[in-house]
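Asks: Could you build the full structure based on these sequences and the hints that come with them?
Listed in order, the protein sequences are those of chains A and B. When the first sequence is numbered by our numbering, its final residue is 143 and no position is left out of the sequence of numbers. When the second sequence is numbered by our numbering, its final residue is 143 and no position is left out of the sequence of numbers.
Among the hints, erroneous ones may be present.
Put simply, identical chains are the same to the list, so a pair is met inside one copy or across any two.
Only pairs whose alpha carbons sit at most 25 Å apart, straight line, appear in this in silico SDA-like list of lysine to any residue [stated by the list, open to error]:
| no. | residue 1 | residue 2 |
| --- | --- | --- |
| 1 | Lys66 | Ser38 |
| 2 | Lys101 | Arg84 |
| 3 | Lys66 | Gly91 |
| 4 | Lys66 | Asn123 |
| 5 | Lys66 | Asp34 |
| 6 | Lys101 | Asp50 |
| 7 | Lys66 | Gly32 |
| 8 | Lys66 | Ala97 |
| 9 | Lys101 | Ser89 |
| 10 | Lys66 | Ile39 |
| 11 | Lys101 | Gly71 |
| 12 | Lys101 | Leu119 |
| 13 | Lys66 | Asp36 |
| 14 | Lys101 | Thr111 |
The set of hints was computed from the structure by calculation and includes no laboratory data.
There are 2 protein chains.
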Amino acid sequence: MEADPADVAELSLTDALVQLSFAVQAILGRVGADHDLSIIQARLLGILRDREPTMAALARYLSLDKSSITGLVDRAERRGLVQRTADPSDGRSVRVAVTDKGRALIELTGTDVDRQIALLTRNLSGPERHRLTALAGRIAPRL
Amino acid sequence: MEADPADVAELSLTDALVQLSFAVQAILGRVGADHDLSIIQARLLGILRDREPTMAALARYLSLDKSSITGLVDRAERRGLVQRTADPSDGRSVRVAVTDKGRALIELTGTDVDRQIALLTRNLSGPERHRLTALAGRIAPRL
DNA sequence: CTATATTAGTTGGTATCACAAACTAAATCC
DNA sequence: GGATTTAGTTTGTGATACCAACTAATATAG
Numbered sequence: 001m002e003a004d005p006a007d008v009a010e011l012s013l014t015d016a017l018v019q020l021s022f023a024v025q026a027i028l029g030r031v032g033a034d035h036d037l038s039i040i041q042a043r044l045l046g047i048l049r050d051r052e053p054t055m056a057a058l059a060r061y062l063s064l065d066k067s068s069i070t071g072l073v074d075r076a077e078r079r080g081l082v083q084r085t086a087d088p089s090d091g092r093s094v095r096v097a098v099t100d101k102g103r104a105l106i107e108l109t110g111t112d113v114d115r116q117i118a119l120l121t122r123n124l125s126g127p128e129r130h131r132l133t134a135l136a137g138r139i140a141p142r143l
Numbered sequence: 001m002e003a004d005p006a007d008v009a010e011l012s013l014t015d016a017l018v019q020l021s022f023a024v025q026a027i028l029g030r031v032g033a034d035h036d037l038s039i040i041q042a043r044l045l046g047i048l049r050d051r052e053p054t055m056a057a058l059a060r061y062l063s064l065d066k067s068s069i070t071g072l073v074d075r076a077e078r079r080g081l082v083q084r085t086a087d088p089s090d091g092r093s094v095r096v097a098v099t100d101k102g103r104a105l106i107e108l109t110g111t112d113v114d115r116q117i118a119l120l121t122r123n124l125s126g127p128e129r130h131r132l133t134a135l136a137g138r139i140a141p142r143l
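Replies: Rendered as structure tokens:
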């Protein structure tokens, strides 16, 4: 799946995107490790920055089984990064909110990711970065 | 970390690349699941297509602990996808080779990933795809 | 209004996967 | 030849994913 890197001129779109994807994942993994956050925990906190979804909504956003969300939120709650609150409109449901601690952590993490992405793309000119942003922004699905 | 999707025009390079990365990972995860291969198993087989590395080399390529490679290769070997062979030049060392079964599986998987990437990028024109390939190819590190 | 069906989230079971520390066997160094 | 280093494995631990089954709350049907 990952092409022979010596043959850059023949790199397919698939190989280019797959390699880029793993490069970005490697950054997320390293920066996350520095902040004691797994990638999935960082994604969770990222979602919670601007909303308080239900467990079911989180399962949809993250494309995970609801039982996986239970475990993920359990562990984050145990660390004081998130908290569950009752949903007044539905006794079965809970809402998940980020705590101040969690928000601080994800902001720091985001700053470091920005820095590492800047390093990753330092060989591109300003216009090239804009072009990459525009192209990438047109194909990745939205939350 | 993942920006408000309604604000596409203001998407940063970081957010664009992170979202793209997860979109590609989602494809790899789904296609992998269809072929009963985890992402890391697919990466392993991808590396083994054109070389027979040592365990240590695999740890470097995949940026994993050597004990993780032991487990990964154990499970792949148990499924008949790879095999360990002795290294004649170093009694401590083993070489890992893909089997015919493993090669067939990774070829199929790669074909499906190509198809899904084509779907992901169907909104881009031919020249835009070339441009994205070139830009991405210039920033992702090489194996 | 009550019984039945559906939904939200949890629990238990299982497997994969990651790292750290410690171990064994082989190779290297002095 | 003994000490040190290296390659890979083993053990322990924890995170993370899915499936099936469960409980409690809500919605629906009669």
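Asks: Classify it for me, Lys66 with Ile39: is the Cα-Cα distance of at most 25 Å met within a copy, between copies, both or neither?
Replies: both (18 Å within a copy, 21 Å between copies)
Asks: Indicate which option fits the pair Lys101, Gly71 if close means a Cα-Cα distance not exceeding 25 Å: within, between, both or neither.
Replies: within (19 Å within a copy, 35 Å between copies)
Asks: Between the shortest in-copy and the shortest cross-copy C-alpha distance, which are at most 25 Å for Lys101 and Ser89: within, between, both, or neither?
Replies: Answer is neither; intra-copy 27 Å and inter-copy 54 Å both fail.
Asks: With 25 Å as the alpha-carbon cut-off, assign the pair Lys66 and Gly32 to within, between, both or neither.
Replies: Both ways: Lys66 and Gly32 sit 23 Å apart in one copy and 21 Å across, limit 25 Å.
Asks: First find the shortest C-alpha distance between Lys66 and Ala97 inside one copy, then the shortest across copies, and answer within, between, both or neither for a cut-off of 25 Å.
Replies: Cα proximity of Lys66 and Ala97: one copy only (17 Å, versus 38 Å across).
Asks: If the cutoff is 25 Å on CA atoms, where do Lys101 and Leu119 land: within, between, both or neither? Let me know, please.
Replies: neither (28 Å within a copy, 40 Å between copies)
Asks: Indicate which option fits the pair Lys66, Ser38 if close means a Cα-Cα distance not exceeding 25 Å: within, between, both or neither.
Replies: both (18 Å within a copy, 20 Å between copies)
Asks: 25 Å Cα cut-off: does Lys66 pair with Asp36 within a copy, between copies, both or neither?
Replies: both (24 Å within a copy, 21 Å between copies)
Asks: Give the relationship of Lys101 and Arg84 under a CA distance limit of 25 Å: within one copy only, between copies only, both, or neither.
Replies: within (15 Å within a copy, 47 Å between copies)
Asks: Using 25 Å as the alpha-carbon threshold, which applies to Lys66 and Gly91: within, between, both, or neither?
Replies: within (17 Å within a copy, 48 Å between copies)
Asks: Tell me, please, which holds for Lys101 and Thr111 at an alpha-carbon limit of 25 Å: within, between, both or neither?
Replies: within (16 Å within a copy, 44 Å between copies)
Asks: Under a CA distance limit of 25 Å, which applies to Lys101 and Asp50: within one copy, between copies, both, or neither?
Replies: Classified as within; 15 Å inside a copy, 47 Å across copies.
Taken one by one, the earlier hints fail for this structure at numbers 4, 9 and 12, listed in ascending order.
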